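Protein chains: 2
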Amino acid sequence: MKIMHLGDLHIGKKINGHLLLDDQKFMIDQYIKIIDEKQFDVVIIAGDVYDRSIPSIEAIQLFEYFVKAVNVERNIPLFVVTGNHDGASRMMFGHQFFKDHAFYLNASIQQAFQPVALDDVHFYLVPYIDTDVAKYYFKDETLKTHGQVYQRIIEAISDVLDDTKQNVLVSHLFITGSETTDSEKELSIGTIDNVDVNMFKPFDLVLLGHLHHPFALTHDRVFYSGSMLKFSFSEVNQPKGYRYIEYINNEWKVQFVPIAPKTDMEHIVSDFDAIITKKVTPKNPNSYIKFELSGLHLTTDPMRRLKEMYPNTLELKPIVEAIDEVKAVVDVMNKTDFEIIASFYESFHQNPLSTHQVETIQRILKEVQHETD
Amino acid sequence: MKIMHLGDLHIGKKINGHLLLDDQKFMIDQYIKIIDEKQFDVVIIAGDVYDRSIPSIEAIQLFEYFVKAVNVERNIPLFVVTGNHDGASRMMFGHQFFKDHAFYLNASIQQAFQPVALDDVHFYLVPYIDTDVAKYYFKDETLKTHGQVYQRIIEAISDVLDDTKQNVLVSHLFITGSETTDSEKELSIGTIDNVDVNMFKPFDLVLLGHLHHPFALTHDRVFYSGSMLKFSFSEVNQPKGYRYIEYINNEWKVQFVPIAPKTDMEHIVSDFDAIITKKVTPKNPNSYIKFELSGLHLTTDPMRRLKEMYPNTLELKPIVEAIDEVKAVVDVMNKTDFEIIASFYESFHQNPLSTHQVETIQRILKEVQHETD
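Going line by line, the protein sequences match chains A and B.
Residue numbers for the first sequence follow the numbering used here, so the first one is 109 and each next one is one higher.
Residue numbers for the second sequence follow the numbering used here, so the first one is 109 and each next one is one higher.
Just chain A, same shape as in the assembly:
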């Protein structure tokens, strides 16, 4: 059995207002190509199909394009759990029709306990479960953290689990010890909400979504697929692709396979002048770029000038020189008003005040002095 494990597609995602739909269409076409090459027996999406609970029509249509290609046209079973970004109740519409065609879209806690069997493998498809939903379902007010919720769900699964089968858990959650990035929505704030990897003992394999780094966790049976694309500049060094999983001779073999995106992402820390003069350049001029630059005070509209050179510039962050700040604070104590203004100007413009500027400032200071006397 060959499994393609995906997760965190976040279809419809925007970065700083830039819609990634074309990049996502490109990746989905790569997936389809790879599915044809590798002849997968099942495709799994471990949550966060969409980026928000009411996705755009274009996002819905792109997901349907993938579903149609995989499941309708190629007849490949497709297993999907909803993630914390997905609007589970909206996505659920029609799920009972989908499963007639081996498209299992699990979006509710009720669906967690009935495995989907494929040959000798039982797949438990557990969507992201909100603690309040779990409290209500189990009639148990003590369920306060996601750790407790998934502990309880796994206990309930363990009660019905068939040990003569291979049991695979598919879910969407944050495992203890994993790294996080900026584009992963917090599952909940103010509670200890991560999950201990040890609770997955009943399963032969655990395929997860939520964390965007495919190596956020290192474990012999528990795997993240990683996200479809670099969805924030904190993911700039993360590989993106899919997990290739094979069950052969009673053994699970899992590897991560990278896919090159349509547009890569770069984070460039430099000086504005070095960029403008092309002393420093991105690896690819079409990359999505976050510039973090010093020397920005030399121009009035640096973003415009950067976009002229690199149209996919998405973010510009100034480098504030911390040492200057400290110096300014210290100096203030022993300086006259004029000296403070002059040194502030100098530290920012790296040039002294002109004669005209000196005269103007002194005139204004005199007027202020007159008013406050």
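Derived from the structure by calculation, the hints contain no laboratory data.
Watch out, some of these pointers could steer you wrong.
Label-pair restraints from in silico Cβ distances [said to hold, decoys possible]: (1) Tyr453/A x Asp240/B: 54 to 64 Å; (2) Ile162/A x Asp208/B: 25 to 35 Å; (3) Pro419/A x Asn306/B: 41 to 51 Å; (4) Asp240/B x Lys247/A: 48 to 58 Å; (5) Lys176/B x Arg413/A: 31 to 41 Å.
Chain B stretches covered by chain A per the calculated footprint, using a threshold of three residues with CB under 8 Å from any CB of chain A [what the hints assert, rightly or not]: (6) 162-170; (7) 203-217.
Lysine-lysine pairs mimicking BS3-like chemistry, simulated, CA-CA at most 30 Å apart [unchecked claim]: (8) Lys141/A x Lys391/A; (9) Lys122/A x Lys176/A; (10) Lys133/B x Lys391/B; (11) Lys273/A x Lys146/A; (12) Lys133/A x Lys207/B; (13) Lys176/B x Lys176/A; (14) Lys133/B x Lys247/A; (15) Lys207/B x Lys207/A; (16) Lys207/A x Lys176/B; (17) Lys207/A x Lys141/B; (18) Lys207/A x Lys133/A; (19) Lys141/B x Lys243/A; (20) Lys207/A x Lys133/B; (21) Lys247/B x Lys176/A; (22) Lys176/B x Lys133/B; (23) Lys176/A x Lys361/A; (24) Lys207/A x Lys146/A; (25) Lys176/A x Lys207/B; (26) Lys247/A x Lys146/B; (27) Lys133/B x Lys243/A; (28) Lys133/A x Lys243/B; (29) Lys243/B x Lys176/A; (30) Lys176/B x Lys146/B.
Just so it is clear, the structure is predicted and the values come from calculations on it, not from any experiment.
Ideal Cβ positions, reconstructed from N, Cα and C, are used throughout, including at glycine.
With chain A's structure known, arrange chain B on it following the hints.
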């Protein structure tokens, strides 16, 4: 063959902020009961399943409850076209899975030309089509009105239509000569957008949605189902129910069957005092009521008092006594300031001013006179 023809469910509809979901659940349960009694072979919904393009989760769940009951549990074919209130592109997700189970959800112009066959009957399920969509589809800029659009669609259907079958058109549109009410969204504004009934000649039967009155049109082959409920006070005298259609001995028999709602709707035109003293009462104290009342100036919070007696009061409209207005305007010309105030007070309170009021007004008028001199 026995057909239940429904339309304009408008699931999730609110009237003056009051959500009708409980009333709609009640009606859907009536439909299901009737389906069991009459043993329908197919259930048709001729558009406007929902009240808005992004329906609430509760509205989606109620529609799914109906779909599940009819199609999943009872295995009855279900044919649905989307209406102008529905978000067709969102609703389309999964439609290719639905039809495997004889649930045809047609939401795009592409789906209009391929009939669904049931025994010897071919059903053409044509959703509400926007003129811009039709322009693009037919590559024809001359399509400006809905009349032209449906003319063109019917021509295209006529080209493929099999005359040896019975051909039924299901659609959602406004036929010329029909009555309109407040709760029907205008299909488009500023264009001649209604459709001539004569263009339906190629069909043996036409089952429509959009107009909420089941008898908005009188024709031997073209029928509206009418809406699920009275959705505005302009529909207060309209019967609501479903169309019972039978094809027997090569003949179509069509009748309208009313269903009593959970909560009826009444429009009461009277005097506030007559309501409060129960000289006038609604037919049912639980009805949704629009009061249109005179004598409202006698109380400060008439809506609160009406709701105490009739909690489902949804609207209160004052009856403005036109004759008094005219008299007041005329009289102003020949009266002193004091006389104007006194007669204004009297006409509203139907009592003369008290001595204290007279003194106060005269004192204030004197002060004003003093200021302006």
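Going down the list of hints, with the structure as the test:
With their beta carbons about 58 Å apart, Tyr453/A and Asp240/B fall inside the hinted range of 54 to 64 Å. Hint check: Ile162/A to Asp208/B, Cβ distance near 27 Å, so the stated range 25 to 35 Å holds. Between Pro419/A and Asn306/B the beta carbons are some 56 Å apart, a value that contradicts the proposed interval 41 to 51 Å. Under the hint 48 to 58 Å, the C-beta atoms of Asp240/B and Lys247/A, about 52 Å apart, fit the expected range.
Between Lys176/B and Arg413/A the beta carbon distance is about 59 Å. The supplied range of 31 to 41 Å is therefore violated. Only residues whose beta carbon comes within less than 8 Å of a beta carbon in chain A count, and the segment 162-170 of chain B has 4; three or more means the coverage holds. Using a Cβ-Cβ cut-off of 8 Å, 6 residues of the segment 203-217 of chain B lie near chain A, which meets the minimum of three, so the contact claim holds. For the given pair, Lys141/A sits about 27 Å from Lys391/A by alpha-carbon distance, which is consistent with the 30 Å threshold.
For the given pair, Lys122/A sits about 24 Å from Lys176/A by alpha-carbon distance, which is consistent with the 30 Å threshold. For a cut-off of 30 Å, the pair hint linking Lys133/B to Lys391/B stands: about 23 Å separates their Cα positions. Of the supplied pair hints, the one linking Lys273/A and Lys146/A holds, its CA atoms being roughly 25 Å apart against a limit of 30 Å. In summary, the hint linking Lys133/A to Lys207/B is supported, as the alpha carbons are separated by about 26 Å, within the 30 Å threshold.
About 23 Å separates the Cα atoms of Lys176/B and Lys176/A, which keeps this hinted pair within 30 Å; it holds. Among the hinted pairs, Lys133/B with Lys247/A is consistent with the structure: their alpha-carbon atoms are about 26 Å apart, no more than 30 Å. For the given pair, Lys207/B sits about 13 Å from Lys207/A by alpha-carbon distance, which is consistent with the 30 Å threshold. At most 30 Å may separate the alpha-carbon atoms for a hinted pair to count; Lys207/A and Lys176/B meet this at roughly 14 Å.
With a C-alpha separation of about 27 Å, the suggested pair Lys207/A and Lys141/B falls inside the 30 Å cut-off, and the hint holds. Pair hint Lys207/A plus Lys133/A holds up; C-alpha atoms about 25 Å apart against a cutoff of 30 Å. The suggested pairing of Lys141/B with Lys243/A is violated, with an alpha-carbon distance near 35 Å, which exceeds 30 Å. At roughly 26 Å between alpha-carbon atoms, Lys207/A and Lys133/B fall within 30 Å of each other, so this suggested pair holds.
Pair hint Lys247/B plus Lys176/A holds up; C-alpha atoms about 27 Å apart against a cutoff of 30 Å. Distance check on the hinted pair: Lys176/B and Lys133/B sit about 14 Å apart at the alpha-carbon level, within 30 Å; holds. Between the alpha carbons of Lys176/A and Lys361/A the distance comes to roughly 28 Å, so the proposed pair stays at or under 30 Å and holds. Under the criterion of a C-alpha separation no larger than 30 Å, the hint pairing Lys207/A with Lys146/A is consistent with the structure, at around 24 Å.
Annotation: proposed proximity of Lys176/A to Lys207/B holds, straight-line Cα distance about 14 Å (limit 30 Å). For a cut-off of 30 Å, the pair hint linking Lys247/A to Lys146/B is broken: about 41 Å separates their Cα positions. With a C-alpha separation of about 27 Å, the suggested pairing of Lys133/B with Lys243/A holds against the 30 Å cut-off. For the suggested pair Lys133/A and Lys243/B, the alpha carbons sit about 27 Å apart, so the restraint of at most 30 Å is met.
Under the criterion of a C-alpha separation no larger than 30 Å, the hint pairing Lys243/B with Lys176/A is consistent with the structure, at around 27 Å. For the hint pairing Lys176/B with Lys146/B, the CA-to-CA distance comes to about 18 Å; that is within 30 Å, so the pair holds.
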